[in-house]
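Protein chains: 2
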Amino acid sequence: MTAPTFFNSHHSPIGAFASFTFGCKGALGGFGIELKGPANENLYIGVEESGRPGKYKALPFYDGAENERIAQEYDIEGLRDYQYAKCITPFDDKEVSRRLGAGIDEWKAGDLTFRVASAMGAVPDPESAPISELKDALVPAIYAELTIDNRLGANPRKAFFGYAGSDRHSNMRFWREDGIVGLGQGRNVAIATDDPTVYAGIGFQPEATLESRHPDNLNFMLGNVGLLVGIVPPGELKTFRFAIGFYRDGIVTTGIEASYLYTRWFKKVEEVVSFALTRHQDAFARAETLDAKLKADLSPERALMFGHALRSYFGATQCLELGDGKPLWLVNEGEYRMMNTFDLTVDQLFHELALNPWTVRNVLDMYAKRYTYEDRVKFPGGSETYPGGIAFTHDMGVANAFSEPGSSCYEQGGLRGVFSYMSCEELVNWALCACLYVSHTGDETWVEGHAKLFAAVLESLVNRDHPEPNKRNGVMGLDSSRCKNGSEITTYDSLDTSLGQARNNLYLAVKTWAAYALLQPIYEKLGQPALAALAGKQATLCAKTIVAAADDDGYLPAVLGEGIEARLIPAIEGLVYPYVAGRADLLAQDGPFGELRKTIERHFELVLRPGICLFPDGGWRLSSTSRNSWLSKIYLCQFVAEQIFGKAKDTRADKAHLGWLMDEDNVYFAWSDQMLAGKAHGSRYYPRGATAILWLVPPGKPPIQEVHDYIFGVAHRERVHTI
Amino acid sequence: MTAPTFFNSHHSPIGAFASFTFGCKGALGGFGIELKGPANENLYIGVEESGRPGKYKALPFYDGAENERIAQEYDIEGLRDYQYAKCITPFDDKEVSRRLGAGIDEWKAGDLTFRVASAMGAVPDPESAPISELKDALVPAIYAELTIDNRLGANPRKAFFGYAGSDRHSNMRFWREDGIVGLGQGRNVAIATDDPTVYAGIGFQPEATLESRHPDNLNFMLGNVGLLVGIVPPGELKTFRFAIGFYRDGIVTTGIEASYLYTRWFKKVEEVVSFALTRHQDAFARAETLDAKLKADLSPERALMFGHALRSYFGATQCLELGDGKPLWLVNEGEYRMMNTFDLTVDQLFHELALNPWTVRNVLDMYAKRYTYEDRVKFPGGSETYPGGIAFTHDMGVANAFSEPGSSCYEQGGLRGVFSYMSCEELVNWALCACLYVSHTGDETWVEGHAKLFAAVLESLVNRDHPEPNKRNGVMGLDSSRCKNGSEITTYDSLDTSLGQARNNLYLAVKTWAAYALLQPIYEKLGQPALAALAGKQATLCAKTIVAAADDDGYLPAVLGEGIEARLIPAIEGLVYPYVAGRADLLAQDGPFGELRKTIERHFELVLRPGICLFPDGGWRLSSTSRNSWLSKIYLCQFVAEQIFGKAKDTRADKAHLGWLMDEDNVYFAWSDQMLAGKAHGSRYYPRGATAILWLVPPGKPPIQEVHDYIFGVAHRERVHTI
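Chains A and B supply the protein sequences, listed in that same order.
Numbering of the first sequence is given in our numbering, commencing with residue 1 and proceeding in unit increments.
Numbering of the second sequence is given in our numbering, commencing with residue 724 and proceeding in unit increments.
Be a bit skeptical, because a hint or two may be false.
Said to hold, decoys possible - Straight-line Cα separation of at most 20 Å, SDA-like style, residue types lysine to any residue; simulated pairs:
1. B:K991 with A:H169
2. B:K1049 with B:W988
3. B:K1207 with A:I70
4. A:K36 with B:W988
5. B:K759 with A:E404
6. B:K991 with A:E404
7. A:K36 with B:R891
Since the hints were derived computationally from the structure, they do not count as laboratory data.
Model, not experiment: these values are computed from the prediction.
Kindly produce the complete structure, drawing on both the sequences and the hints.
Set out below in structure tokens:
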């Protein structure tokens, strides 16, 4: 498909939980901090028409009716003489073109070009990196530039960039100081430039700044529309450079008290934009380099989805600092804003390992320290409980509110569907994240420091299989006692039983197999041969159980041994972990798990057919019994199919998936995950599409470390090997 | 009129720019900080029905549809088993009764009583008062209690108080610590109790907390409805006591950087509510005492309007601290949120002199330091300018954004109506506020420290009369050069020319006379006889000009000598200043200004008639040519009519004025000022009704200092005399 022009996309700094989201027509974008969706603000980006002084054209990111209404509240009897005739019209749709890369979003209309560059970079470890690198990576700013080609023009023409803020607490303001003119709302958002010819103004209408009757009138702070205005002389092509800054001061969370880490170096938003203006050229140069590489190496559909998803992820990241100065890394779950949802962490893992593996360690450590609990387990329908063990919570809280130790904001007892516990899945997720962190970084000190926890994880996993060792089959068979009379679910919480039920689930079984197989050498390294043997045995049992479940044609059931015959693509998901861990040997057709690999590959070939796991448009359908498909997981499964099974890229599917994102009902939410028959009904404005980074993994082993260099074109800073 | 039951009213701490506003049916109230209107949150206040366990009745302050929608965003395919059957119904309207005093808002429904007590107190001077008094006065909290009479009940019954927060940045949370259970949103709002039997819960529905299937499920932080729930045993009457706290940390303003002063002692909202719970009984006792006095001394209409207006004023107050530790007092202008609008300060003056005159000094000093400018002046239509002098801005900025030195957020050049300059009126306002501050406090040090400024004020006033001394008539004749080709306006900015034009305006002329007359002894005290003589001469000229303007019947024109024959009630406004300054001699019929006083009184008697300055409902119409009447100014003029002219209280008018506030289209905004034919179209949710405090001034002189003792029943702390 050809992407439409008008769809929202994030443009986000890293770690600031902030986004300049725009692209839809109307007041559907804006500058947001910690929001669950776009800020819904009027944006004004435009230029005076050539040959029509006093008439302006603007990109269509505003509706304008609201300002009209606000002014009337002051002028009760309508006696006004302060109004300005409207003189801005939006460009016609067909005059507007857009080129969206991962780094740069470029809009052209007439002789105007507006470009936004997101901060593209890894986040170095705050506990060891030099301050200069940290400031560069974490400055809560992005970059914009507005170019007007007036080379053929006979008159000076004004160009403008501004907005109408939506914050409930503060009005708009501007300032001029140290060679910088800035505009924004409250202490939280600012747009600034160091161009000495630019002036600022605030009014009820953009016209009040563009066509101000008196220079003294520019600072009409009752108005909610602020503009920065520059003048392009005739015969010149001129570019105005802007930094867009976000800022929140002080402690911002409850439960655990933490501040944004960037407040170490930046004391207010004015300082953010001043600093960012010194990084403007670098940021655009880096973004251009990346976009050129992506254009060369990915299909247009994948390049667009990759950038779209990556920036949605960055917009959800929050790099905080605890009271003791230690960093705390959070990814907020899009519109839901749950913090470090563990079943998203395990998907964002590939991105974070490639870019900043310390964040994986940081999240694992916080889970180990505060978001773990001990439970007992029981058989479905039974009342007797058996020893369980350690488990991890689904998340750490929601929207700046940390949940209590040992509790997520999400999990509830007594349920069988959405909001039930994910004890076993999050336990498996901890194991997989830990194993891949270790395989990627070789951080043996960390492994040794967590020896007891690794042992407890294995004990808990086998307890969830069967209380009697000789009845174990490698697959989860008991639910956590925290479920009360309910039962555990998987990350596919809103799907039907085929993917929603955790116990005996095929998807979870394959991930569990990967966890056992990758844990085994950890125990060997730790000098715990009994545990290593147990992990190895469980991996073998699990593989056997899965292989034995295939029917005569080779189809695997969604739920093993429970008569749920739905067909799943995510049967293949778990294979990604050994592969990324550099353990292709575990996936070899002639290796110890050759039968498992062949069974899963055969199953995949069977289900990826129309009427089973393909939608009519060619998009991938995760479960044959559900209309709800998840793009983040599709991206991941595409990687398994292509790199492990060697299948050709399904370009028709890519077009369909992009088509879902670009559906007119979905474009408001930028990148969304859950697609119910192609419509985003949940998991919108979402970070999990960071799995698309797997598309950039070059064939070979170990496969992930190249991605960092690919994206950033700089030396890979952290040692990588497998243990 | 009988007030309806359901109308919004503020319940506000002092100096926190915060309000628990509620009273309208539906989600039209809530907990707001720095907002321009109600927070629009669902409130849940109710009780389990007697004899129907599991069924609840609640006050009708919620609509509930929103929560339904939020839950569905997680459950894409509608597979939910987490929902609860609805079990709360609102009380019928006719079961609900309300008794609203100034201090206490009491609701009764069935055997439930819900009472809210606002903090009623003066604010002692932060530069000299003991910390304990300051904490008491400025703790950003109010108080509530919920009583259930279960003496006839056979079963234990649950009682609850909670809400669904509207903050965009944070989710709901609760905590239990140090014997307190608290509930709130983010770090900004909390409800807490020290009742050990109360528990808290969060969910998508209030039912999730009331009828929770498992105790572990209570902390479902994805939900946005939080409740505190207590249990009333059978046979008992039980009262649950709550503190409601507001909090904003760190620097909250721009232009000038300032924090809330209460952050000196309270580091977070948890500390606010802990402290407030220790003050709960005192707060209710004080509020009850005040309400009893008001009930005895004021008509029901005036008692209701007084409390309604006073709490709206408190909700707009903001006591800040500058970087150097000095206090900064702000009153935000209701829905407009302009800061310390000077033409409101001069009306709120009476309240502040009675309660905390240091705030008047604080505002005057900030105006003198930063919000003053020098202009030139010119005749209407002329292009030549003449010396002007010092003037003061209309305000200090808006909604936490301080304007630049010498500029308001409001005033614009080139206009003749709303948003034009108020240079002369604000100059007069500075003089009147300063004179009354001095007459009330006897603060001679302050006068001496401002000797130059007092001199400059007089020079500027006479320059605005006429450039040639022998052509002066005591009345403003020239507009500020800042108006460009426009002209100055008065505080009645949205009215027609009769009150809106400043030059030669009758309303402003009488205030100017008062300023000259009250300035004269200041210059004498300062040893500046020439200035004293000039002030005295100008007062005499001004009085003569006004007296001479009366027509044969005794009517005064709205604009002197410009053919604007509209009739004004505010002709009498300026008489309040000499009276409150203890200078009844200036108003004596046989005194030096006896003719002026008689002329104005005669005019008032003539215009206060149907068809001129009375609306058909008996309400006062400030200008005979406008439908727009302002309650704050009416209250003030009522005081002049009753105390200076000795007229009987116009009880029919009081009923009409209350009727305007209680119009179904107006009740959402609590107390509003501007009434266009009885409908609040502007100046809503407004502080200016603090002029109603004049109703409490006992006859006699000096007249204002008794009000403090009346309201607070404690010794008057500041020395009072006239100089």
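Hint by hint, here is what the structure shows:
1. Straight-line distance between C-alpha atoms of K991 (chain B) and H169 (chain A) comes to about 19 Å, which keeps the hinted pair within the 20 Å bound.
2. For the proposed pair K1049 (chain B) and W988 (chain B), the alpha carbon gap of about 15 Å is at most 20 Å, so the pair holds.
3. Distance hint between K1207 (chain B) and I70 (chain A) is unfulfilled; the C-alpha atoms sit about 25 Å from each other, more than 20 Å.
4. A C-alpha spacing of about 33 Å is found between K36 (chain A) and W988 (chain B), which places the hinted pair above 20 Å, so the restraint is violated.
5. Restraint check for K759 (chain B) and E404 (chain A): the C-alpha separation of about 34 Å exceeds 20 Å, so the hint is violated.
6. For the hint pairing K991 (chain B) with E404 (chain A), the CA-to-CA distance comes to about 19 Å; that is within 20 Å, so the pair holds.
7. Between K36 (chain A) and R891 (chain B), the direct Cα distance comes to roughly 8 Å. Compliance with the 20 Å bound is thereby established for this hinted pair.
Checked against the numbered hints above, the structure breaks hints 3, 4 and 5 and satisfies the rest.
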